[in-house]
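**Student:** Take a look at the letters that make up each chain.
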Amino acid sequence: MLAKLVQIITWANFAGFSPLILSRSPVLVTRSSLTDEKEGLTLDELLSQAFNGLSLGSVLLLISLGLAFSFGLMNVINMAHGEFIMVGAYTTYLLQQILAPALGGVSGGLTFLISIPVAFLAAGLLGFLLENTLIRFLYGRPLDTLLATWGVGLVLQQLARTIFGAPNVQVVSPGWLSGGFSPLPGLNLPYKRLFIIGLVLICVAAIYLYLYRSRSGRRMRAVMQNREIAGTLGIATRRVDGITFAIGSGLAGVAGSALTLIGPIGPTLGTNYIVDAFLVVVLGGVGRLPGTILAALLIGVFNTLLELQTSASIGKVLVFVLVIIFLQWKPRGLVALRSR
Amino acid sequence: MRQFFQFLLYAKKSSRLAGLVCLTLLATLLLAACGDSTATPAAVATTAPAVTTASITSAVTSAASASGSPAATSGTIKVGILHSLSGTMAISEVSVKDATVMAIDEINAKGGVLGKKLEVVIEDGASDWPTFAEKAKKLIQQDKVAVVFGCWTSASRKSVLPVFESLKGLLFYPVQYEGLEQSPNIFYTGATTNQQIVPAVDYLLSQGKKKIYLLGSDYVFPRTANTIIKAQLKAKGGTLAGEEYTPLGATEYSTVLSKIKAAQPDVIFNTLNGDSNVAFFKQFKDAGFTAQSLPVLSVSVAEDEVRGIGIENIQGHLTAWNYYQTTDTPENTRFVAAYKAKYGDKRVTDDPIEAGYFGVYLWKLAVEKAASTDVEKVRAAAKGIEFAAPEGTVKIDGDTQHTYKKVRIGKIRADGLIDEVYSTPDPVKPDPYLKSYDWAASLPKQ
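Chains Z and V supply the protein sequences, listed in that same order.
The first sequence begins at 2 in the working numbering and counts up by one.
The second sequence begins at 62 in the working numbering and counts up by one.
Just chain Z, with the same shape it has in the complex:
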């Protein structure tokens, strides 16, 4: 108990101390002089900020849903998760190259809608192969899994570099997603952001239906809760593992496809998102999907809020500080799984 107390005091010190360090950096100085001039947020600024938070939360959720399966449910530290996102993005690019001329031009948008399920299948298939050929031999050895999947990630990156070249490629976004919806003057909600929020809602609904309303989903939950007993009841646990990992990878593919709307498409795309994805899953409570959803939204809102008050770099640092403090208080994350 005493040790715990000392720890908490150390954290508190650090949290109090960090602004002291930060204030030496020139950014915060400029920032504070800037914020002095402002008289507070207007309604449309507040609303657009809330929307930004929601929007960032939806992106975070999209990239971590897949990881919630492989890392959360299966305890596989999948460092190649970012590369599955990349596979989804390149699938979208490839489909556009192939299908666009046939389906009425690049801005038709139909190719983009088709590419989302195709990206799910492509990344899912790759995940299934990876699970069957490599990961299943490494269950219960987290360090080995971590290194192996990291290696797979590097191989996939170099493969993309060899096939598509090192520079970023371009995916033309559908015409009907350009621009934004403006319910108030000064408030602009880009259609692409709305689309991503909608896509995340669909993904979450589909996952819920699958896990809680289908036989296959019930088997999956059984295996994740207690592998041995599920096995004795006649569930093919190996096959369930393969399917779980494939679904997780497929969801990463969907994320990659959607992220072509707002981000770069290059061989190292995955590395931009992997840390955030792990952060969300750990904060949410490993193995808890509702926790992942809550964590993504919370990080999204806090990150944008802190970024608005400070700067992008420092906002991110503060988010990390908050997550650390929170994990000290609740080491199992937002939604803890009770276990014996």
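Do not rely on the hints blindly, as some may be mistaken.
Unchecked claim - So the derived label-pair ranges between C-beta atoms look like this: (1) V:Ser267 - Z:Ile164: 44 to 50 angstroms; (2) V:Asp480 - Z:Gly176: 24 to 30 angstroms; (3) Z:Ile326 - V:Gln353: 53 to 59 angstroms; (4) V:Glu167 - Z:Ile164: 29 to 35 angstroms; (5) Z:Leu202 - V:Ser497: 58 to 64 angstroms.
Think of the hints as simulated: they come from the structure by calculation, not from any bench.
All C-beta atoms, glycine included, are put in the ideal place defined by N, C-alpha and C.
Knowing the structure of chain Z, use the given hints to seat chain V on it.
**Tutor:** This is chain V only, laid out in the frame that chain Z set:
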């Protein structure tokens, strides 16, 4: 990366420890946030794990090629090329290497230098700064090359600088950078600050764009550049609408865009690097901004990068460089045609590619004037040497070992190439320490 692994492992095994490892991660982030003074990539610098493996591979390659014969004994002169051919920086550096090789081939086709053919030794810096230093040492000591053409990021240049100085080597560096450096063993063929950033700000002010928002990636080049710009704005009656830095590789710009909207600037001065540019321009357009309502002037987006950003997202915005593929000189027409003929019709030329190309010719002229490849003699002869480069006449300034260059503001057009909208009438004298600008006197000297 190792902290990250630990973080994950502990997060799984005992969540109590997760916080502790998070702290390590945080410390790393904090360091990065406070401005790492060693990393200065002029273009992309996201940390890619690929770097590690790549450097191992190239170490093996170098061991294999170490048995090469010592230099210039026979009828050839050895010259070195040192660029990242693998890892993140390969995106940019491979094209520069190609242009350098092309110049060497051209010179050889016309009989070489001092009657000797040039023999090129290419080394891969692998986007890893210590590897650059190691390869520079190898080129000078083992291969005994007369000169090295190479490096892109300032971090790699800073890493090889002591090697070139202590071993009396000679480096031609082809990329625009943040200034405040002058080594006797380096010739700088790219722009320093007063040949890119300072005139770009002057141009914006002359266009009535007085309220400037500074947006950059969080490392030393954008921070140095923006320190200079702020001093310049203060002296010349501009105002600072805001200043914002995002981590390298950042892909989320909605909050930054909200801040920009609230600040209502006339123009954004963009020193973002790498992938962040793609995310920023895509989201910028979706937020309802256009090149007419709020132009963005970028200093790290050239023809090579436009395609990945998506032409429809960046069309009409401004750039500041010394050369564009469209630059109208007879030398450039020939250069672009030769480059495309050699490397494919889809390839484009841009500023660092061109600087990598004419650097070889400047060295050739200096060697011929000195009638020797001895570094000291070449340095002495190089003073005032002129060459009709694709960008126009470039001249070596003997005092700073930088080159005189014209500054060109460009506008990105519908096919992804860049049109010149303004150019300084004459090549600008390089001034890496901004000594000739009164307002720069207050800037901290490095």
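**Student:** May I ask you to test the hint 44 to 50 angstroms on the CB atoms belonging to serine 267 of chain V and isoleucine 164 of chain Z?
**Tutor:** Check passed, 46 angstroms falls within 44 to 50 angstroms.
**Student:** That 24 to 30 angstroms hint for aspartate 480 of chain V and glycine 176 of chain Z (C-beta), does it hold up?
**Tutor:** The hinted range 24 to 30 angstroms holds for aspartate 480 of chain V and glycine 176 of chain Z, with Cβ atoms some 26 angstroms apart.
**Student:** Is the distance from the Cβ of glutamate 167 of chain V to the Cβ of isoleucine 164 of chain Z consistent with 29 to 35 angstroms?
**Tutor:** With Cβ atoms ~32 angstroms apart, the hint holds.
**Student:** Is the hinted range of 58 to 64 angstroms satisfied by the C-beta distance from leucine 202 of chain Z to serine 497 of chain V?
**Tutor:** The hinted range 58 to 64 angstroms holds for leucine 202 of chain Z and serine 497 of chain V, with Cβ atoms some 60 angstroms apart.
**Student:** Take the C-beta atom of isoleucine 326 of chain Z and the C-beta atom of glutamine 353 of chain V, compute their distance, and say whether it sits inside 53 to 59 angstroms.
**Tutor:** 46 angstroms, violated
Hint violations for this structure: number 3 only, all remaining hints satisfied.
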